[in-house]
Every structure is written in C-alpha cells, then in structure tokens.
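Peer 1: Letter by letter, the chains look like this.
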Amino acid sequence: MGTRTAYETHVSALDVIDDDDARLRSIIELGRRRQSEPFPAAWKTDANLLHGCMAKVWIVHAVEGDRHVFHGRSDALVVNGIAAIMTESFSGLTRAELLSRTLDDVRRFRLGALATERQLGMMAMLKRFQKLAATSQPEN
Amino acid sequence: MASHAEPLDVARVRDDFPFLDEMVHGRPPVYLDTAASAQKPRAVIAAIRDAYEHGYGNVHRAVHHFGHRATEAYETARNDIALFINAQSADEIVFTRNATEAINLVAASYGRSALRAGDEVVVTEMEHHANIVPWLMLRDRHGIVLRVAPVDDRGIIHIENLAALLSDRTRLVAVTHCSNVLGAVTPVRDIVRLAHDHGAVVLVDGSQAIVHQAVDVRDLDADFYVFTGHKLYGPTGVGVLFGKGNLLAAMPPYQGGGEMIERVSFDMVTFKDPPHRFEAGTPPFVQAIGLAAALRYLTAIGIGRIADHERSLLTHATAALEDIDGVRILGSAPEKAPILSFTMDGVHPLDLAVVLDRAGVAVRAGQHCAEPLMRRLGIDGAVRASIGVYTNRADIDALAAAVRRARKVLI
Ligand SMILES: Cc1ncc(COP(=O)(O)O)c(C=O)c1O
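Chains as they are written, first to last, in this note's numbering: chain A, 1 to 140; chain B, 1 to 411.
Some clues are possibly wrong.
Claimed, not checked - Between beta-carbon pairs, the in silico distance windows are: (1) B:Asp273 x A:Asp105: 35 to 43 Å; (2) B:Asp21 x A:Thr45: 42 to 50 Å; (3) A:Gly112 x B:Arg328: 27 to 35 Å; (4) A:Gly112 x B:Phe266: 51 to 59 Å; (5) B:Ala164 x A:Thr45: 32 to 40 Å; (6) A:Gly112 x B:His196: 34 to 42 Å; (7) B:Gly378 x A:Arg107: 51 to 59 Å; (8) B:Arg328 x A:Thr45: 26 to 34 Å; (9) A:Asp21 x B:Arg42: 26 to 34 Å; (10) B:Asp221 x A:Thr135: 32 to 40 Å.
None of these hints come from the bench; they were simulated from the model. Keep in mind it's a predicted model, so treat the numbers as computed, not measured. Quick reminder that beta carbons are idealized off the backbone N, C-alpha and C, glycines included.
Just chain B, with the same shape it has in the complex:
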C-alpha cells in the first residue's frame, strides 16, 4: 500500500479543524505537538455534541429511550474500534480512561493473577513512563523481575538483543509499537513471535503507532494492544485495551463497582464477562462515541493516504532541520513515524521551545516521559516536533525559519 492514486488534500483537511482559526501571539497557529495530543476535527466535536444533545442517558442501566440510544451508540463504538484494529470480536475491546490506565489494568489484573514472584517481564529502553512505572510497581509489590532490552542510537531494537533476555521465566513482554521520542517503529510481529516461542504474552503500547499506520492486532498476533483516544484525534478521557478473548476471560476485575457485576450480596459477588467486567462505574461513553467518530473520519480520508502525506512531510522536515547549524536529529530508524526530536548544540530545549512558541510554533520540550531513554541517549532533554493529518509544508517551513531565528537569539 505504498502509493495512493490521489494524494491527501491537506487544504481540505485543514478546513475540518477549527483550531486553525485561532491566532497565537498574533499569528496563525503552527501546531507541531500532535504526538502529545492531536487537535480535533469538527466531526468528532459534532459527534460528542450530538451524543449530549440527542442521545444522552446512562448506559446499560436504563429502560428509557435516552439510555437505549446511548447504550447503542457506545456498543457500536466498541464494535467500530474492534473493526478498526481487526479484533475478532467487540468483546475484546475494553474502554479505559487512557493508554496509561489500560497498561495499569493489565499489570494489576493479568500481572497479579498470572504472574508469580520471580517471573520475568521484559520492557525496552525506549518505553514511555506509562509502560515502565506499572511494571516497576508490580515488581515492588508482587516480586516480578523486570528486564530491559537495549535500543541502539537510531532507535532500533535488535531482535537478538531482546532474544538474549528471554527465557522460560519470561512471562510477559511489554513493548512500544512506536517511540514517542525517536519515532522508531518497532518490529512487533517478530517480537511477538519470539515471545510466544518462550511462552510469554506480549503487550503492545500502540499510543503513537496507531496514529500513523493501519494496525491489525490479529496480523501482529498481539495479546494486548493499548492506545489512547486523544492522540488519535478523539476526545480526552478514553483509551482502549484490546485483549485476546481467552486472556481477558481468565483475568480478574481491575476495579469494583457498578456495571461490572452480575450479582452482589454481602456474602458474595459475581462478575460479568469481558469486556464489561473491566469497566467498573459509568464508562466514558460519550468519549468512546467521539473516538469512533475520529476513526470514521480517518478511515474516510484513508489511513494509507495520511501515512504517505505525513511521511513526505517528515522527509521535508528532516532535511530542513538538518540544514541548520548545530541541530542534531535524534533517531533514524528505517521505519520512522512523523515524530522529529532534535537538540541544538549550546541551547537548552526549553529555551528553544519558549522562543518557538513566541513565533506561534507549538513543539514539546523536555524528557517526553521517557527519562530512561534520555539517559540512554546521554541527553537531558530534546525538542520534539510531531506531524499530524493537518500539518502542511508551510508549517514545516515556519518551524525551520523559527528555529533559525531562535538560534540567533539564544547563542
């Protein structure tokens, strides 16, 4: 799927995003922080508004019209998400607050039921804190052993380095599908095959990958796949945990409360089947409906077409920044998502980001919730420019021009 007859019409896409009508310090916005959170198209905002205006009532509990409509829309969203990632069934889709909660759910529920003290969990040096801290907590409370697979300077996980860490004690491998700092896309299919050969299950953090490429959980053969709604042009407050049906079925609840039970007395409680077993309390159903609208929006444009557009902008941005004195780009994996982190010799990333903001250019500066990776790369922080469906060449040119001007102010 390398080429698409019609390239993306970015001008038309930009018309769908109301944030572009704002002015930032007297200038039109140049938003290059999509990897932190994506701006929302009108279709998503309209779906949320519609849910509140025309079909709002609590889900799963009501016999009335509004409750039915909300429940139907919520369960349809679950089904849409299952189709989007090619899950076998909507029952494999659990709604959470975000990717972080999805990983915590697996660490707490699967981790404490299927793992024993001394069992090993493998992560990589390139993980977001969301895919490190829950495992550290499981280590400290439950006695698992955490092993860390190295990445090279380009952001590549060499499968033989990972293989060297796996043994019959390995029970789970938790790996990002795409680094939020280096943009490196990891060889998930190979990692899954290797882990399965050792009898381990694999959790894939797809928070960044799913924004830029089609994801097929069955093709990857991932056991758990998590992502977060707000980076995928959907609303905040909703994330997704995909889990293979047999795994979810064997897992105990994560939190207790309404929605997730069958029967409750003071002597005993029985729980619903997945996915509802893992959705205690009123779920973020309006947000799930909004997320489904985002997926429809992206699908209508074409995921492959978006990926082509973003790839060409990444190439343009890489060349434009490399051309600037003192700029060093981090990460050069052969398969790289449109996430461009860089440093400038003699300039602190925060200073650069603050000066860029004055020019209306929004980037992120800091450690990007990946302190271990920063330490591994031997840097204190970096500036990250990230590209989305609405990014155009003028945005990239504005970034490069602003970085050049910032260098004059800061050096």
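In isolation and in its complexed conformation, chain A is listed as follows:
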C-alpha cells in the first residue's frame, strides 16, 4: 500500500551514500546498533552457523503464516551490518518470492566494492534463506 519494503529502504539508503568509505562506515554503524539488540544465546547453535564466512554468522528462521522471517547475528561488525541488511530485506516474503531472488537483487546494495558479495557472505546468506524456506514445513 505504497509503503516501501525493507529491501527498497536498504537499497536506497545505501544508494545515497556515494563514497565507499562512508558506505563501509554506515554498515559498521548499523552492525554496532544491531549488536546491542537482543539475540538469544540459544540461537547461537552450530546448526544455525553459516560456514564459509570469515566471521561467525548465525541465521535463525521462523515461519509466520506463509511468510518467512530471518534473524542474523555476527561477531564482526561489518558482517553483522550486512546480516541486518540481508535478514531485514529478505524477511516477510513467501517461499516462492524468496526462491526467485538472485545475485542481481544482492548486487543492488552496491556493496561489491567493499569486497565481493561472495566474500562478504551475502550470497551465502541468501542461499541459506532459500534453503531454510525450501525445506521448512508450511504452518498447519
């Protein structure tokens, strides 16, 4: 209803920052803010841990009706900021919507200049979201 999605909000927030140093600082600040929000210790399990990233990232998944919701946390600020962008942007979608998302959707954040999307683990996060959505049982 005219309200922007979290995805578009993040894309445009990053888009207005035209310098990569400033973009990195904003990710770090976001990572710092999110780190002070609660993330239950019980969520930091091995099963929730995303491997293949240079810092630890835990991804937690919930299903609300036909919508998928994700929470993420990393011990590195940069990765925590990216996990915030990714989980917020890709939460609230149906399974079909989520499965249709690709690298192009990730590229629109324009974070590749900081390191490739692969190195930052963004693609690994999206793949994890998709796998969790694909293998979860729909509620009732």
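Could you slot chain B with the ligand onto chain A? The hints should help.
Peer 2: Showing chain B with the ligand alone in chain A's frame:
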C-alpha cells in the same frame, strides 16, 4: 651469514614488481599478504611469456623443435630447484600443483605403502591444514594413529615434548619449517635427528620457510621437503616435492596416466623411475620454468640480504604495532620469519582487515588455515601482516597508521 656488505636496495627491487603501479581505492598499494601469495617480479612474468612465445610444446612427448625446447627448459628448471635446495640430484625433485598436493602425494603413496594400520604419524599443533588433513584422511582410510606435538604460546616446539611422543611405532613426523601464523621457525635439524633415532622419516613443510631463508635439504637431512611456487614469487599451479632418492624409488605412483609409464597393455603396466613416476599427465612445465626464474631472481639479489632486510622490517613492524593500544602480537619465537599476526582487543579481525583494505593496506584475516592452532591459542582469528622482498618501511608505517585509525572507527 649475519651481515651483508650492501643492504638490499628496496627501491630498486620495487621497480621490478609491476603490481606496485596499481592504485587501490585511489592509493598506492601496501601489500602485506605475501605469506598468502607473493607478487611476481617482471623476470618471472617474462620467463612465462617467453616460454609460451618461443619454446612451447608438450614436454617429453615430441620429436619437434618446440617440444625439445620446452622439455629442456622444464628439466633445467628441475635442476635449478635441486641446486637451490642442495638436493643430491634433480631426480629427487617432483613437480606438483602446490605444496598441498606434494603432501597428499606423500600421504597417499608413501603412507599407504610404507605405513601399516597402527603405525604412528606425528604432527604439531602449529601445522597448516595442508599438513593435517592428508594425515587425518590416511588415519580414517588406512588406520594409522595420529599424534600431535604441542607448541607453547610463543610458537616454540620443545624438543622434549616431541620426544615424549616418539616410540618405535612412530613411522613419520610431518612438521612445518615455519608457522604461517606465528612466523616461528622450528628446529627442523633437531627434529630430524630425533625422528631418525626412532627409525621414522620426516616430511618438512617448507612453504613459508623457504621464502625467507636458504634451505639445504642435505644439511637438514630431511627425507621429504615440500614447498609451493606461488609464495616464492613464482607462478601459481606449481609446487615441489623433494624426496630422498631411495625413498622415492620405493614409492608407488600417486596418480596414473601419461608421462609416468614405461609400458602399458591391458594386462600390465610398468612405471618410470622417479621423478617422472609421480608426474602423471602433462605437468605444469611453464609454471616450473617460471618458478626457476623466481629462484634466479632471488639468488641474484641474495637470499641472506633479503632475510636481513625482512628481519629489520619485522623488528620495526613489531615495535610499531606494539605501541598501539589493545594490539596483541601472536608468537615471539626467537627465530621468527617476517610474519606478524595480531589481534586488537574488542575488535573482530575481519572488521580490522576490511577497514585496512579501504586504506589500501592488504592483510589477511581469519584462521589462516590453522584452526587447531587458533583453538590452542584460544582465539577465533587474527589479522596477519606478512613481509616480502618488496616491502619497505613506508609500508609498515602505513600499516601502523591505518591500524590506529581503524581502532577509532571500530571501538
Ligand atoms: C605452512 C603452509 N603449508 C602449506 C600451505 C599450502 O600451500 P598451497 O595452498 O599452495 O598448497 C601454506 C599456504 O597456504 C602454508 O602457509
């Protein structure tokens, strides 16, 4: 060989490295990740180009001019490498893809032919995964027993701790010559003597050591010595396995295919002698030629002179980083290669590395393919700055300044 009349002229060396003409995020590069892979001098790039342009044909198979030239250059490279590490013969030099493949070759070929279930292999806590995983695989498939020698916080292997693990069941000791995390140089000669007293052979992982010091495999009396070309200013795709002639001669092939056979029928196959027995398929001969060019380049500068230069930069870097609040340097072995790992209190190594990259400073962050060592040190990861022949004081000063600035952003 502690002092050399003329110190290294680093400005001249830097002219030999084209990567220094690049700009990184608008700044000249400060490349402090040589331990992951070294940049290449023009001499290496030219040798590779020359091999492709003027002397390219498959080796060992051709009667034509190009094949002869390539074969000659490849076998000359083998000889150059033998001389570089003072092997008795070029036949003791096997070309592989990298150090990892060289260790896998020994684990698979020597491991499965000379070791029996219940035989013991000893490694240390300080090994790179390349010198752990092949032995774990041999354990799981072949039933050997793996023992792990401890290191102390400084990165020192105390020979008595190692001795306590050795027995008449010990068949092989696989040890790094220099830690890729702590820079600690290990007492290889003592380890070899001890292992030989127990009738065990020794594989030395020289991937980091050979970049910073002269290596004499006969003086060390190492049975196997492996290293990787790309860290030694050579190309990717080539590694070296040195093995004593009598050991290689008794070892079965690692892979099968062309180049490594004498005769093939559907009833039987006979294999060539070493080293070709272990080089199935078209080998990385252009890369080997490039690696030989790297060794010539380093030899012309002088290995001792390079080591002196790097040692003084390590001292400078250690002092500069120690001076920064919250920085903790890992590893303080008395003999330390120019590899400087550190942590910063309250800062994740990845965050630090990403912020340093924005300042044009290339370092490595993470576990450095040495998870067991990280666990032993009680840390999740570290930042590693490593020094090479082209590193200068300005690089170190840029690192220290960037670390100070990063601390302000990240704390
Ligand atoms: C000590 C040590 N051993 C082995 C290796 C493996 O080298 P490569 O990946 O070229 O086989 C490395 C490099 O990462 C290393 O530092």
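Peer 1: Confirm or reject each hint.
Peer 2: Results for each hint:
1. Taking the beta carbon of each, aspartate 273 of chain B and aspartate 105 of chain A are about 58 Å apart, not inside 35 to 43 Å as hinted.
2. Against the hinted window of 42 to 50 Å, the Cβ-Cβ separation of aspartate 21 of chain B and threonine 45 of chain A comes to about 48 Å, which satisfies the hint.
3. One distance hint, 27 to 35 Å for the beta-carbon pair glycine 112 of chain A and arginine 328 of chain B, holds here, with the actual separation near 32 Å.
4. For the pair glycine 112 of chain A and phenylalanine 266 of chain B, the supplied restraint of 51 to 59 Å holds, since their beta-carbon distance comes to about 54 Å.
5. About 38 Å separates the C-beta atoms of alanine 164 of chain B and threonine 45 of chain A, a value consistent with the hinted range of 32 to 40 Å.
6. Taking the beta carbon of each, glycine 112 of chain A and histidine 196 of chain B are about 53 Å apart, not inside 34 to 42 Å as hinted.
7. Range check, glycine 378 of chain B to arginine 107 of chain A: Cβ separation about 39 Å, and the 51 to 59 Å hint is violated.
8. A hinted range of 26 to 34 Å holds for the C-beta pair arginine 328 of chain B and threonine 45 of chain A, which are about 29 Å apart.
9. Under the hint 26 to 34 Å, the C-beta atoms of aspartate 21 of chain A and arginine 42 of chain B, about 33 Å apart, fit the expected range.
10. Look at aspartate 221 of chain B against threonine 135 of chain A: about 56 Å separates their beta carbons, and that is not inside 32 to 40 Å.
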